[in-house]
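J.: Residues per chain, in single letters:
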Amino acid sequence: MTLFSRYRILLPIASLALLLAVTFYVQPRTMSYFGLNLLFNLAVPIALATIAQMLIIMVNDIDLGIGAFVSLAACVAATFLEQSPLIGAMIMAALILSYALMGAMIHALALPAIVVTLGMSFVWGGLALFLLPSPGGTSPAWLRAIMTVKPPLMPMALVAACLIAGVTHWLIARAGIGTVLRGVGGNADAVRRAGWSLVRLKALAYGLAGLFGVLAGMALVGLTTSADANIALRYTLLSIAGVILGGGEFTGGKVSPAGAVIGALTLALAASFLSFMRLSPDWQIGAQGAILIAVLAARLLFNGRDGARR
Amino acid sequence: MDEPALQPTGPSRETAPLVTLTDVTKRFGAVTALNRVDLDIRAGECLGLVGHNGAGKSTLVSLINGALAASSGRVDFPASSADHALAAGVRSVFQELSLCPNLSLAENLRIAHADLRGWGWRRRAGAEIEASLDTLFPGHGIAADALVETLSIAQRQMVEIAIRFSPLGGAPKLLILDEPTSSLDAGIANQLLEAITRFCDDGGAVVFISHMLGEIFRVASRILVMKDGHIVADEAADHFTRQGLVDVMGHVATAPESDSEASPRQLGDVLVEQAGLQARRGEIVGLSGLAGHGQAEALARLYLDATSAWRETGTPPMVFVAGDRKRDGLLPLGSILHNISLSFLATTARWGLVDRASERRVGDEWQRRIGIRTQTLSNPILSLSGGNQQKVLFARALASAAPIVIMDDPMRGVDVGTKQDVYALVRAEATKGRTFLWYSTETEEVCQCDRVFVYRNGAISAALSGDALTEAKILEASFEMQESEA
Chain A
1 MTLFSRYRIL LPIASLALLL AVTFYVQPRT MSYFGLNLLF NLAVPIALAT
51 IAQMLIIMVN DIDLGIGAFV SLAACVAATF LEQSPLIGAM IMAALILSYA
101 LMGAMIHALA LPAIVVTLGM SFVWGGLALF LLPSPGGTSP AWLRAIMTVK
151 PPLMPMALVA ACLIAGVTHW LIARAGIGTV LRGVGGNADA VRRAGWSLVR
201 LKALAYGLAG LFGVLAGMAL VGLTTSADAN IALRYTLLSI AGVILGGGEF
251 TGGKVSPAGA VIGALTLALA ASFLSFMRLS PDWQIGAQGA ILIAVLAARL
301 LFNGRDGARR
Chain W
1001 MDEPALQPTG PSRETAPLVT LTDVTKRFGA VTALNRVDLD IRAGECLGLV
1051 GHNGAGKSTL VSLINGALAA SSGRVDFPAS SADHALAAGV RSVFQELSLC
1101 PNLSLAENLR IAHADLRGWG WRRRAGAEIE ASLDTLFPGH GIAADALVET
1151 LSIAQRQMVE IAIRFSPLGG APKLLILDEP TSSLDAGIAN QLLEAITRFC
1201 DDGGAVVFIS HMLGEIFRVA SRILVMKDGH IVADEAADHF TRQGLVDVMG
1251 HVATAPESDS EASPRQLGDV LVEQAGLQAR RGEIVGLSGL AGHGQAEALA
1301 RLYLDATSAW RETGTPPMVF VAGDRKRDGL LPLGSILHNI SLSFLATTAR
1351 WGLVDRASER RVGDEWQRRI GIRTQTLSNP ILSLSGGNQQ KVLFARALAS
1401 AAPIVIMDDP MRGVDVGTKQ DVYALVRAEA TKGRTFLWYS TETEEVCQCD
1451 RVFVYRNGAI SAALSGDALT EAKILEASFE MQESEA
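Residue numbers (the numbering used here), protein chains in the order written: chain A, 1 to 310; chain W, 1001 to 1486.
A couple of the hints might just be wrong.
Unchecked claim - Label-pair restraints from in silico Cβ distances:
1. A:LEU111 x W:HIS1084: 27 to 33 Å
2. A:LEU97 x W:SER1152: 43 to 49 Å
3. A:ARG192 x W:TRP1119: 25 to 31 Å
4. W:LEU1304 x A:TRP283: 49 to 55 Å
5. W:SER1081 x A:ALA14: 55 to 61 Å
6. W:ARG1327 x A:ALA14: 27 to 33 Å
Since the hints were derived computationally from the structure, they do not count as laboratory data. Please read these numbers as outputs of a predicted model, since none were measured by experiment. Here a beta-carbon is modelled for each residue, glycine too, at the ideal position from N, C-alpha and C.
Can you make the complete structure from the sequences, with help from the hints?
T.: Next comes the structure, spelled out in structure tokens:
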């Protein structure tokens, strides 16, 4: 019991392993290089979006616009980035910068992040519609090549997941600046008193979130080969669920990058698993919710054992 | 002391004050918190800062450490010619702890020490905090990689102090300690006082705020008394006597009333009985022992067991007065009135709606009874000073009709006058038949109780009452099986 509460990463791993075992049991053919890649393919952009969401939750905010933002990034990737890479790259940089500015503004004007990001989601969505009024566009060839590469031993999806988890774990959990950012979530006043500029730190957190949002959009286009203004709208809630599934908490700067990636994998797997169960698509969202609640209930159970105080 | 000849900066630099306040005034809206204050602090000084809650002590130190900007006047750092407090080596231990609970000790040190970079910073930070803890509090038993949220409040306070005392890439020149011992037990507080004396002997300066005059007299070389935003006395510590100091502060010092004076109360039936802890109707039961030996946990268990029912039952069986205001007590976004009325809203509500007239009436009554210093109860709770916030929590608890009041070291950072007021209030309420369970880190306070349970290592080691209830007996019971550290 105390093992689970001490190492909060264990429960996400256990949930993923359990779900994976059941999936293998129901559909043994997934237990292969090709099968695993199919299972987790779409988890890569979700994992990147989840990391973006985690960076925002880490500083005690929440981002309700990440889905629309990823859609916009996908549309840019399928149009400008394909036709004129330089302009495409500049637009992506501008998107990241605008995310950083949004973070600075939220802090400087003491606005609720939930409102600002929700409002901005309509801006992102409008821009995406402006770029691609109807589904279309083409993935840049190099992006397609990266997303369909076949590394030896492990399928691309799992290699990418490990890479994302490793890099973000180093950045957030090990590096000094990540520690300070988590400190902002834990006790912003303390960080400010130590001489840090909270506006810059928030801008950094949001800017990093923007970077991962852009990466998510690009990864998505690389997989689907075309884009659509609404392609990633459901990522908003998926990413929040992924962070929480991965052992993160909404407040207090308690997040786990590796956990967030595992949470995203779990969510993607849950969708496949429910299809294997031949569950009608009408019920799938509800069933996904049930899985989410089960995992969270388990966490509450394990953590609650330590007693409510001290 | 170094020889002056070896000082590269020369003797004028040596004697220049670390910080100088010139004609400083600070206003918050219509309230003048600090009025035309002049002050020099020099190396080697230990400045004891005393005054009531709301006298302007916290405002003064906030101006020195740069958390607030003066409305008028100048704050300079002549000795270092730095332009802000951090660069001048001014460090503060805050009353509300400035640690990030989600980070480890080493990581918290990293936040305070921005230049700690590169590979292995975590290990270096860990070594730095361990070294500082070892020097200040030998035998502390706190690991550098422990998360702060897993520590007790006393341990957190120790970590907070240790971080401010560590080099952090420079050297602390002036340490501001605002009620640093309020959540420490006597042994640890003693270690801290010794460390402060050593620090000043080595040429550092300290501003030490405490409501415990004994501590002030032990460490301070100079005492500054504040009252209503003014410095009313500023002299060497040996010019003051304890009584003189209290007189200057301007509060009537009431000697602790002897037990014979208070008419013996009729104690009723046993109301509470859990794990050896027992309380009768109308009794004031104290919980004592060294900090962090299970007193707070025992109270929390008792309280949560009694009040965690799913169904609302009208009058709560118990109310809780938090010592850790920020975590357990305040609604930080609410008004003062809302913070008080929380405990009785349900009982005065009609048709499920708040009865505003009676809420206001009860609130005003308690403001008068307990003396909350504010113009109107509609002000936000955070506009009050720490001691007044604590009064609000008392008002909240006592305004309810609950027969049992649980107090988890509620007098942390509360001045002498307020304490006397609250003691009187508690005795009066007990006479009316209320039961109090009172955990305190101050032995004097516990001695006012009818019966005291002393905790050691999570269990009751002694139950004292009547003539057996003395400071010596309590200390004996707290320390018995272990090496005395005091």
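J.: Against each hint, give a clear statement of whether it holds in the structure.
T.: For each hint, the structure was consulted:
1. A:LEU111 x W:HIS1084: 27 to 33 Å: holds, 28 Å
2. A:LEU97 x W:SER1152: 43 to 49 Å: Hint holds: Cβ distance 45 Å, inside 43 to 49 Å.
3. A:ARG192 x W:TRP1119: 25 to 31 Å: holds, 27 Å
4. W:LEU1304 x A:TRP283: 49 to 55 Å: Once the Cβ atoms are compared, 39 Å apart, the range 49 to 55 Å for TRP283 (chain A) and LEU1304 (chain W) is violated.
5. W:SER1081 x A:ALA14: 55 to 61 Å: holds, 59 Å
6. W:ARG1327 x A:ALA14: 27 to 33 Å: The hinted range 27 to 33 Å holds for ARG1327 (chain W) and ALA14 (chain A), with Cβ atoms some 31 Å apart.
In terms of the numbered hints stated before, the structure departs from hint 4 and from no other.
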